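Taking the hints into account, I'd like the entire structure generated from these sequences.
There are 2 protein chains.
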Amino acid sequence: MANIKDIAKMAGVSVTTVSRVINNYPYVSAEKAEAVRQAMKKCNYQRNINAVHLSKGKTFLVGVVVPFSNHPYFGLLIEGIANAALNNNYKLVLIQTNYEEVKEIEALTMLKDKQIDALIICSRICDWRVIEEFIEYGPIVLCEDAREKNISSTFVDHYKSFSAALNYLHQKGHSRIGYCIGRQSGTNSEQRDAAYKDFLKKNSLTYNPDFIFSGCFNFEDGEKVVTDLVQMKDRPTALLVTSDQVAAGILTCCKEHGIFIPEDLAIMGFDNQPISKVMHITTLEIPLVEVGRKLFFQAMDGETVSHEEIAVELIERETV
Amino acid sequence: MANIKDIAKMAGVSVTTVSRVINNYPYVSAEKAEAVRQAMKKCNYQRNINAVHLSKGKTFLVGVVVPFSNHPYFGLLIEGIANAALNNNYKLVLIQTNYEEVKEIEALTMLKDKQIDALIICSRICDWRVIEEFIEYGPIVLCEDAREKNISSTFVDHYKSFSAALNYLHQKGHSRIGYCIGRQSGTNSEQRDAAYKDFLKKNSLTYNPDFIFSGCFNFEDGEKVVTDLVQMKDRPTALLVTSDQVAAGILTCCKEHGIFIPEDLAIMGFDNQPISKVMHITTLEIPLVEVGRKLFFQAMDGETVSHEEIAVELIERETV
Numbered sequence: 035m036a037n038i039k040d041i042a043k044m045a046g047v048s049v050t051t052v053s054r055v056i057n058n059y060p061y062v063s064a065e066k067a068e069a070v071r072q073a074m075k076k077c078n079y080q081r082n083i084n085a086v087h088l089s090k091g092k093t094f095l096v097g098v099v100v101p102f103s104n105h106p107y108f109g110l111l112i113e114g115i116a117n118a119a120l121n122n123n124y125k126l127v128l129i130q131t132n133y134e135e136v137k138e139i140e141a142l143t144m145l146k147d148k149q150i151d152a153l154i155i156c157s158r159i160c161d162w163r164v165i166e167e168f169i170e171y172g173p174i175v176l177c178e179d180a181r182e183k184n185i186s187s188t189f190v191d192h193y194k195s196f197s198a199a200l201n202y203l204h205q206k207g208h209s210r211i212g213y214c215i216g217r218q219s220g221t222n223s224e225q226r227d228a229a230y231k232d233f234l235k236k237n238s239l240t241y242n243p244d245f246i247f248s249g250c251f252n253f254e255d256g257e258k259v260v261t262d263l264v265q266m267k268d269r270p271t272a273l274l275v276t277s278d279q280v281a282a283g284i285l286t287c288c289k290e291h292g293i294f295i296p297e298d299l300a301i302m303g304f305d306n307q308p309i310s311k312v313m314h315i316t317t318l319e320i321p322l323v324e325v326g327r328k329l330f331f332q333a334m335d336g337e338t339v340s341h342e343e344i345a346v347e348l349i350e351r352e353t354v
Numbered sequence: 035m036a037n038i039k040d041i042a043k044m045a046g047v048s049v050t051t052v053s054r055v056i057n058n059y060p061y062v063s064a065e066k067a068e069a070v071r072q073a074m075k076k077c078n079y080q081r082n083i084n085a086v087h088l089s090k091g092k093t094f095l096v097g098v099v100v101p102f103s104n105h106p107y108f109g110l111l112i113e114g115i116a117n118a119a120l121n122n123n124y125k126l127v128l129i130q131t132n133y134e135e136v137k138e139i140e141a142l143t144m145l146k147d148k149q150i151d152a153l154i155i156c157s158r159i160c161d162w163r164v165i166e167e168f169i170e171y172g173p174i175v176l177c178e179d180a181r182e183k184n185i186s187s188t189f190v191d192h193y194k195s196f197s198a199a200l201n202y203l204h205q206k207g208h209s210r211i212g213y214c215i216g217r218q219s220g221t222n223s224e225q226r227d228a229a230y231k232d233f234l235k236k237n238s239l240t241y242n243p244d245f246i247f248s249g250c251f252n253f254e255d256g257e258k259v260v261t262d263l264v265q266m267k268d269r270p271t272a273l274l275v276t277s278d279q280v281a282a283g284i285l286t287c288c289k290e291h292g293i294f295i296p297e298d299l300a301i302m303g304f305d306n307q308p309i310s311k312v313m314h315i316t317t318l319e320i321p322l323v324e325v326g327r328k329l330f331f332q333a334m335d336g337e338t339v340s341h342e343e344i345a346v347e348l349i350e351r352e353t354v
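Top line first, the protein sequences correspond to chains A and B. Take 35 as the starting number for the first sequence in this note's numbering and just add one per residue. Take 35 as the starting number for the second sequence in this note's numbering and just add one per residue.
Quick caveat, the hints were computed from the structure, so don't treat them as lab data. Certain hints may be false.
Treat identical chains as interchangeable: a pair holds within one or across any two.
[Stated by the list, open to error] Below 30 Å or equal to it, Euclidean Cα-Cα: the simulated BS3-like pairs (lysine-lysine) are:
(1) LYS146 <-> LYS76
(2) LYS146 <-> LYS66
(3) LYS137 <-> LYS183
(4) LYS258 <-> LYS311
(5) LYS75 <-> LYS92
Here the structure is a predicted model, which is why all the values come from computation and not from measurement.
Here it is in structure tokens:
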């Protein structure tokens with residue numbers, strides 16, 4: 035491909051003149067400008083936007099790290115980020131990690147290499163010390179409680195919201211409460227587990243590891259939970275399910291096994307996804323699209339560190 | 035930020051020498067290499083990957099155009115593309131268009147501006163003549179039957195698959211068959227509508243516009259369909275639903291209204307999403323993750339134009 039030097043040579047002008055013509059600057063004679071345009075046409079010259087970005091130091095790309103691109107929780111976050119990005123002429127670079135550390139480091143390296151202007155990490159596997167090393171290269175924003183850290187974050191206080199949900203179930207008469215979660219590691223999961231253990235302690239209830247179901251991400255994972263429940267001698271009477279999709283799956287499979295909701299088992303979802311409304315699932319609303327929007331604007335504002343706690347709301351329906 | 039010229043000046047060497055040190059080329063004396071490294075350290079020099087991409091003419095980014103980022107159908111396509119991209123050291127630039135023409139043109143312009151190496155269009159609103167103008171700038175791949183066009187495509191023959199589904203329902207004794215679809219425009223929708231009309235004609239059945247439900251994208255859209263069905267005097271006895279999510283929504287809401295499946299209404303989904311398995315929905319399997327993978331490799335192979343037709347398979351379960 036012809037570059038700017040080739041064009042200059044062909045048109046018999048300086049490189050500066052070619053640059054001025056390309057960028058529509060003044061102070062170029064009509065004659066020279068025409069010669070440049072003819073030369074560009076002749077060798078089919080195309081402006082390379084990377085050269086423009088190189089000179090401006092901006093790419094108008096924002097990186098978004100998600101463990102799975104195809105999951106309703108991250109889908110809503112991405113929707114919020116994508117809408118805000120579109121309105122601000124930014125594009126998203128989607129980095130799906132499958133919770134592999136090396137993929138997260140690749141995303142951080144994109145920031146270091148200035149391939150993206152900022153990085154939003156929706157959920158991470160890397161240790162904080164790894165992330166910390168990349169702060170100097172550009173804005174990094176976390177979707178978790180990072181109030182103790184020197185980067186911006188938008189988050190739900192999962193300790194507080196889990197405690198509120200557990201107390202609600204307890205008030206409804208439940209003392210055998212279990213919960214379903216995606217992965218057991220991770221900041222959010224640790225907060226939830228702490229809330230669970232503190233709740234049991236406060237109410238003098240015993241901890242039963244069989245009441246905790248991990249690996250619950252999607253609708254179809256509800257089937258596994260019900261298969262386990264059916265085989266249990268002493269079932270929980272209530273389940274706190276950290277995803278409405280999983281709650282919907284549990285609800286559907288319980289019906290097939292003759293387990294009545296909420297009589298035999300109370301179910302409480304999380305997020306207030308559309309499926310919870312259609313299936314009348316009691317849930318804790320998390321405004322994920324709004325969280326995504328806030329994350330985008332924090333990423334754009336690289337100058338200041340801010341922390342936004344998002345309030346959750348209990349939506350009472352028919353499954354508790 | 036210091037650039038390569040500043041480094042050269044500071045180290046007292048030529049720009050070429052600095053470039054050689056940065057890119058680990060041989061033929062640099064240990065002394066000069068050390069001077070360059072010291073100068074780079076002193077002014078905190080960071081390699082700008084856009085400069086590297088500029089010189090190599092590659093970005094290792096592939097653009098993916100989707101109308102909605104948060105939809106299970108596109109979720110599975112993105113998953114297939116994302117996995118193939120990860121394994122080939124490519125990143126995705128996700129361009130959510132909401133079916134706005136201007137956003138699609140922005141994506142095409144990214145290809146023209148060399149901000150991405152190739153573009154995969156999962157679903158489009160732009161006229162073919164608009165897309166055609168951008169072919170010269172890099173590989174564009176379509177997820178629709180583009181056998182008549184000079185760009186690669188991976189697609190399902192929606193005329194053929196819709197006809198097969200309609201004939202299956204007809205064999206099961208149905209002659210009052212309706213269908214649910216996302217949008218009525220678009221190549222795939224036009225093919226389906228043609229198959230529907232040809233089916234009616236062949237079997238001497240009358241066309242009833244009330245039997246076609248559009249705007250059906252998500253689980254919650256099933257509610258609207260059932261609300262309409264309940265108010266109809268002469269309901270269809272079978273529905274072909276172009277999304278398993280919508281089929282699941284219809285199934286859930288029918289139960290609430292005392293409409294028995296399949297006795298009162300047969301339901302046939304599309305895609306074979308996990309939700310269809312859990313809810314025992316008869317469906318046409320489309321291997322979307324595999325489609326995504328094929329689209330990625332077609333985008334990478336900019337030299338040859340290929341067309342891959344993906345076979346669908348009827349999965350008989352309990353809703354027909």
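Now the hints, each set against the structure:
| no. | hint | in the structure |
| --- | --- | --- |
| 1 | LYS146 <-> LYS76 | between (38 Å within a copy, 18 Å between copies) |
| 2 | LYS146 <-> LYS66 | between (40 Å within a copy, 26 Å between copies) |
| 3 | LYS137 <-> LYS183 | within (22 Å within a copy, 37 Å between copies) |
| 4 | LYS258 <-> LYS311 | both (23 Å within a copy, 13 Å between copies) |
| 5 | LYS75 <-> LYS92 | both (28 Å within a copy, 22 Å between copies) |
Figure legend: structure checked against the earlier numbered hints; every hint is met.
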